[in-house]
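Each chain, letter by letter, is given below.
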Amino acid sequence: MKCLIDIPQLSVGEIKELMDTAIDIDSHPEKYRERMKYKRLATLFYEPSTRTRLSFEAAMMQLGGSVIGFSNSESTSASKGESIADTSRVISCYADVIVMRHPKDGAPTVAALNASVPVINAGDGGHCHPTQTLADLLTIYREKGRLDGLTVGFCGDLKYGRTVHSLINALARYNNVKLKLISPQELRLPSYMRQRLESGIMEWEETDSLEDALPSLDILYMTRIQQERFADHDEYIRLKDSYVLNLKKLSLAKPDTCVLHPLPRVNEIDVDVDSDPRACYFKQVENGKLMRMALILRLVDGDDVPLPESFSDPGLVCPNPRCVCSSERSVEKKFIFSDGEKRCFYCDHKAIALENK
Amino acid sequence: MKCLIDIPQLSVGEIKELMDTAIDIDSHPEKYRERMKYKRLATLFYEPSTRTRLSFEAAMMQLGGSVIGFSNSESTSASKGESIADTSRVISCYADVIVMRHPKDGAPTVAALNASVPVINAGDGGHCHPTQTLADLLTIYREKGRLDGLTVGFCGDLKYGRTVHSLINALARYNNVKLKLISPQELRLPSYMRQRLESGIMEWEETDSLEDALPSLDILYMTRIQQERFADHDEYIRLKDSYVLNLKKLSLAKPDTCVLHPLPRVNEIDVDVDSDPRACYFKQVENGKLMRMALILRLVDGDDVPLPESFSDPGLVCPNPRCVCSSERSVEKKFIFSDGEKRCFYCDHKAIALENK
Amino acid sequence: MKCLIDIPQLSVGEIKELMDTAIDIDSHPEKYRERMKYKRLATLFYEPSTRTRLSFEAAMMQLGGSVIGFSNSESTSASKGESIADTSRVISCYADVIVMRHPKDGAPTVAALNASVPVINAGDGGHCHPTQTLADLLTIYREKGRLDGLTVGFCGDLKYGRTVHSLINALARYNNVKLKLISPQELRLPSYMRQRLESGIMEWEETDSLEDALPSLDILYMTRIQQERFADHDEYIRLKDSYVLNLKKLSLAKPDTCVLHPLPRVNEIDVDVDSDPRACYFKQVENGKLMRMALILRLVDGDDVPLPESFSDPGLVCPNPRCVCSSERSVEKKFIFSDGEKRCFYCDHKAIALENK
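Chains as they are written, first to last, in our numbering: chain A, 1 to 357; chain B, 1001 to 1357; chain C, 2001 to 2357.
Check before you lean on any hint, since a few could be wrong.
Stated by the list, open to error - List of simulated lysine-lysine pairs, DSS-like, C-alpha gap at most 30 Å:
no.: 1; chain 1: B; residue 1: 1039; chain 2: C; residue 2: 2031
no.: 2; chain 1: B; residue 1: 1037; chain 2: C; residue 2: 2031
no.: 3; chain 1: A; residue 1: 342; chain 2: A; residue 2: 178
no.: 4; chain 1: C; residue 1: 2031; chain 2: B; residue 2: 1031
no.: 5; chain 1: C; residue 1: 2016; chain 2: C; residue 2: 2283
no.: 6; chain 1: C; residue 1: 2333; chain 2: B; residue 2: 1002
no.: 7; chain 1: B; residue 1: 1039; chain 2: A; residue 2: 333
no.: 8; chain 1: C; residue 1: 2350; chain 2: B; residue 2: 1039
no.: 9; chain 1: A; residue 1: 248; chain 2: A; residue 2: 350
no.: 10; chain 1: B; residue 1: 1031; chain 2: C; residue 2: 2350
no.: 11; chain 1: B; residue 1: 1342; chain 2: B; residue 2: 1283
no.: 12; chain 1: C; residue 1: 2249; chain 2: A; residue 2: 37
no.: 13; chain 1: B; residue 1: 1039; chain 2: A; residue 2: 37
no.: 14; chain 1: A; residue 1: 159; chain 2: A; residue 2: 240
no.: 15; chain 1: C; residue 1: 2144; chain 2: A; residue 2: 31
no.: 16; chain 1: A; residue 1: 16; chain 2: A; residue 2: 240
no.: 17; chain 1: A; residue 1: 283; chain 2: C; residue 2: 2031
no.: 18; chain 1: C; residue 1: 2333; chain 2: C; residue 2: 2350
To be verified - Only part of the chain A face toward chain B is listed, based on derived beta-carbon distances under 10 Å:
no.: 19; residue: 40
no.: 20; residue: 42
no.: 21; residue: 70
no.: 22; residue: 85
no.: 23; residue: 89
no.: 24; residue: 169
no.: 25; residue: 352
no.: 26; residue: 354
Treat the hints as calculated values from the structure; they're not laboratory data. As the structure is a prediction and not an experimental result, all values here were calculated from the model. Quick reminder that beta carbons are idealized off the backbone N, C-alpha and C, glycines included.
Using the sequences and the accompanying hints, generate a full structural model.
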């Protein structure tokens, strides 16, 4: 199978190859600009995500390919009761690679199992968004020359930020990465992520002060704090400015610290910071496009990228109401072993025994 | 004029040519992949139909052409009170061929009369959807090697299914085609279609049992039964499973029966059937794209495909409230002779005398 | 900077060059059909405008380029609180030229200040829509062979018609152009335009009779009269037909009068007029595409097209609630001198002193 659903499908070596390809594309774009000639990419966006969609479309076109697809609520018609499996088989007649965004966790996995062309996950509910993580990795790699031995701060909403969890998991595979987790009490890393860290995969510490953490950081990954995450409005007002990066706070950082943000930002980074050479969030956008180009080439022209090995177990169920396995007809319930647990093949949630449901 | 509004515009010979081209495209795609280079197709979809739109877009791109257009409710702005005639003239400045989907019967005919480029009907209200029928014909032809001498079953909703009526009319032009019409009482073929059959154009019989009909069929054309078609909910519940195809029922069929479905399916064909070699509904999708490629080539590069000869008659009116002639300003009322009746040029409804209106 | 926000950025000589390029494209399309190969245009339409969008898309494709973008309410997601400045920097990673339609006056100026690729204004609120004016100018130039010495009638809604004001301003730069302003009392040219005319930039007169004006006109520019512009419904009913052009009225015109309309029309020009050789409104559509092609080439490959020189003044404010400077975060308030007044850099409204606000 050729698909990218989540980062763990790729070995560290394969990520390195994608990054090398991305850098080569940037240096020699003319070598690549007809590589996808006569090929079509389909963007199946069951919920809007303009930024991600345009990045994939630009990536495909810059490889000489064409794009078809849908981008928003039209998808309600696109589905018209049709299963993701059927849609994937239909679109396989029209395109050479499928990019899917879907509100249900695991939907692109169902697509990958049924399509006869490669499938790329462009965000499935709260599950994963691997090409954002690839953009983050490439940016760090290009700015610092390595992914090992870095001190990486994550600031803001660490509880709900899917991109934060995915990048932490990815960085855990490199040597000597230290984490500084900077957030208010309410928005600390969720327990499943903390358990993973506590198992000793990397060095980490928590703080609620951006100023305290800044001087030690090689990388600062900023995220947005959303008001609605706070039960107490006054608490939100009291805290929000502490997690805004401005030039004054940035003066505490090292001269080669690299500031990232998955965008869109609202006000968590002052626009004054944009002209500081440490601001790398617009480079992240460019790097995202380059990694998507490398990934398209890899999947269309390269070897298989298998999904994890799965098994059936009639005694288990997936408890996640947002998982595609609970809404999509005819999806075979399957499970994987991961982190020593039995988990849903589609959404990675810990499976529970049927009798406990 | 170069347009395809409905299948009867094409002779049996011309359909054969389109099918031969489609098969040749499938065998030698590289011969065709720059045939529409420097040309543009416009998809004017006044109502969403993602599947049909993507099929046309893939078809044009696979011929080396580009696509512009709109795909949904945006069309309300597209129209902004502009007549179909004006829009067609405007789009003729932007594109080399127009594909139109419109909720009004006959709208693409108005477009064809005003555009200076070819127009293809991609579905106009309840009127017709000729490229679906071309996909059906090619699939039958490729699977069975012929269109003559076949026993063809239609199962499910034969009353409202536009694709069923169109394919029956198309098959009536071949020799020795026998129909088996399989439906509940409520959803039998409508009277205008029955009258046509009763005039002796082909052999036919009706049944309400899929099991009884299956052993004799060369082709089984499945359709969806929609709950809202039944006045009596209990009747729906009692009947619906009889018209679901599963492996058990399929075991009654011949080993070379070919199962078609216009898609999307909901549950009228079990997914278990998909892996049976007799399941041809995903081949239909591929064949639909190939026939659309053949049709685009035929219209852009080939001879005229004229509309039926029409006449004016101030004493006649079209009684169809969904006809474009009743909503579009400045549409000249015209009529044709067909099946021995005077009919509306745009929607094929039987015309009525003005004084009876 | 390379952008086209409004016509005055272009000298008369530069407009002439664009027109010459457009005419050459029309004569020798094959010379231009790969000029934008490997390049991408982004259509950022924060409000729908199908006609304008498709014209730009066809223009880019006819130059061999590709198109990405969004076209409608999806834009609400596109923004998701992201500033126009940030979006422009993001899209600069994906495309080689940006075309923006936005409901706020001045939004494309903000984009131009932040993008690293050329930006074209495709309509910003009530502010301007320069490529429509370029289409109008080319049509007049091609039909009459000149832009000097013409008598030009504008008929209909001269109060709210942005295209009318823009074309009048553009024509004022040519020699011996005479205006006939034909409208009901309610829809006369607004005071700021009248003041400009009264300053003596060109000869002009007003009338409420289309019939009276017609015999003298070289050009008749028709516009739509919208019912909602009238306080008094009876007045609307009484007047509306006076400003409808039909063949009878057209018989009063010279044999070489040229009739323009920015489209879409509703009923302000009878369809009977379409076949009169003096009807040039569909030629305008074609000319609009050609001028957009010329403009894309000019901006992507040519020299800078600077914005007017601006200055800061903390004592001034822009009073326009629809100006982008009042809604967009982090937009630096700037002003220009124009027509002897201090005006907002973004929306051209006369600035007011802060203390008068």
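Structure-based check of each hint:
Straight-line distance between C-alpha atoms of residue 1039 of chain B and residue 2031 of chain C comes to about 15 Å, which keeps the hinted pair within the 30 Å bound. With a CA separation close to 15 Å, the supplied pair residue 1037 of chain B and residue 2031 of chain C stays within the 30 Å bound. For the hint pairing residue 342 of chain A with residue 178 of chain A, the CA-to-CA distance comes to about 29 Å; that is within 30 Å, so the pair holds. For the proposed pair residue 2031 of chain C and residue 1031 of chain B, the alpha carbon gap of about 25 Å is at most 30 Å, so the pair holds.
Between residue 2016 of chain C and residue 2283 of chain C the alpha-carbon distance is near 19 Å, which keeps this suggested pair within the 30 Å criterion. Taking the CA atoms of residue 2333 of chain C and residue 1002 of chain B, the gap is near 56 Å; set against the 30 Å cutoff, the hint is violated. Of the pairs offered as hints, the one joining residue 1039 of chain B and residue 333 of chain A is violated, with about 47 Å between alpha carbons and a cut-off of 30 Å exceeded. Taken as a hint, the residue 2350 of chain C and residue 1039 of chain B pair is broken in the structure, with Cα atoms around 47 Å apart against an allowance of 30 Å.
This hinted pair does not check out: residue 248 of chain A and residue 350 of chain A have alpha carbons roughly 44 Å apart, beyond 30 Å. Our distance criterion of 30 Å between C-alpha atoms is broken by residue 1031 of chain B and residue 2350 of chain C, whose separation comes to about 62 Å. Pair hint residue 1342 of chain B plus residue 1283 of chain B does not hold up; C-alpha atoms about 39 Å apart against a cutoff of 30 Å. For the proposed pair residue 2249 of chain C and residue 37 of chain A, the alpha carbon gap of about 55 Å is over 30 Å, so the pair is violated.
Straight-line distance between C-alpha atoms of residue 1039 of chain B and residue 37 of chain A comes to about 16 Å, which keeps the hinted pair within the 30 Å bound. Only pairs whose Cα atoms come within 30 Å are accepted, and residue 159 of chain A paired with residue 240 of chain A is accepted, the gap being roughly 15 Å. Restraint check for residue 2144 of chain C and residue 31 of chain A: not satisfied, since their Cα atoms lie roughly 48 Å apart, outside the 30 Å limit. As the CA atoms of residue 16 of chain A and residue 240 of chain A are separated by approximately 37 Å, the hinted pair breaks the 30 Å bound.
For the given pair, residue 283 of chain A sits about 36 Å from residue 2031 of chain C by alpha-carbon distance, which is inconsistent with the 30 Å threshold. Restraint check for residue 2333 of chain C and residue 2350 of chain C: satisfied, since their Cα atoms lie roughly 13 Å apart, inside the 30 Å limit. Interface hint at residue 40 of chain A: satisfied, since its Cβ lies 6 Å from the closest Cβ of chain B, which is below the 10 Å cut-off. Given hint, residue 42 of chain A at the interface with chain B, holds; its Cβ is 7 Å from that chain's nearest Cβ, closer than 10 Å.
The closest approach between the C-beta of residue 70 of chain A and any C-beta of chain B is roughly 5 Å, which is under the 10 Å cut-off, so the hint is satisfied. Interface hint at residue 85 of chain A: satisfied, since its Cβ lies 7 Å from the closest Cβ of chain B, which is below the 10 Å cut-off. Given hint, residue 89 of chain A at the interface with chain B, holds; its Cβ is 5 Å from that chain's nearest Cβ, closer than 10 Å. With 10 Å as the threshold, the beta carbon of residue 169 of chain A stays out of range of chain B, its nearest partner Cβ sitting at about 34 Å, so the hint is violated.
Taken as an interface hint, residue 352 of chain A does not check out: its beta carbon lies about 26 Å from the nearest beta carbon of chain B, beyond 10 Å. A distance limit of 10 Å between C-beta atoms decides the matter here; for residue 354 of chain A the minimum to chain B is near 23 Å, and the interface restraint is violated.
Checked against the numbered hints above, the structure violates hints 6, 7, 8, 9, 10, 11, 12, 15, 16, 17, 24, 25, 26; every other hint is satisfied.
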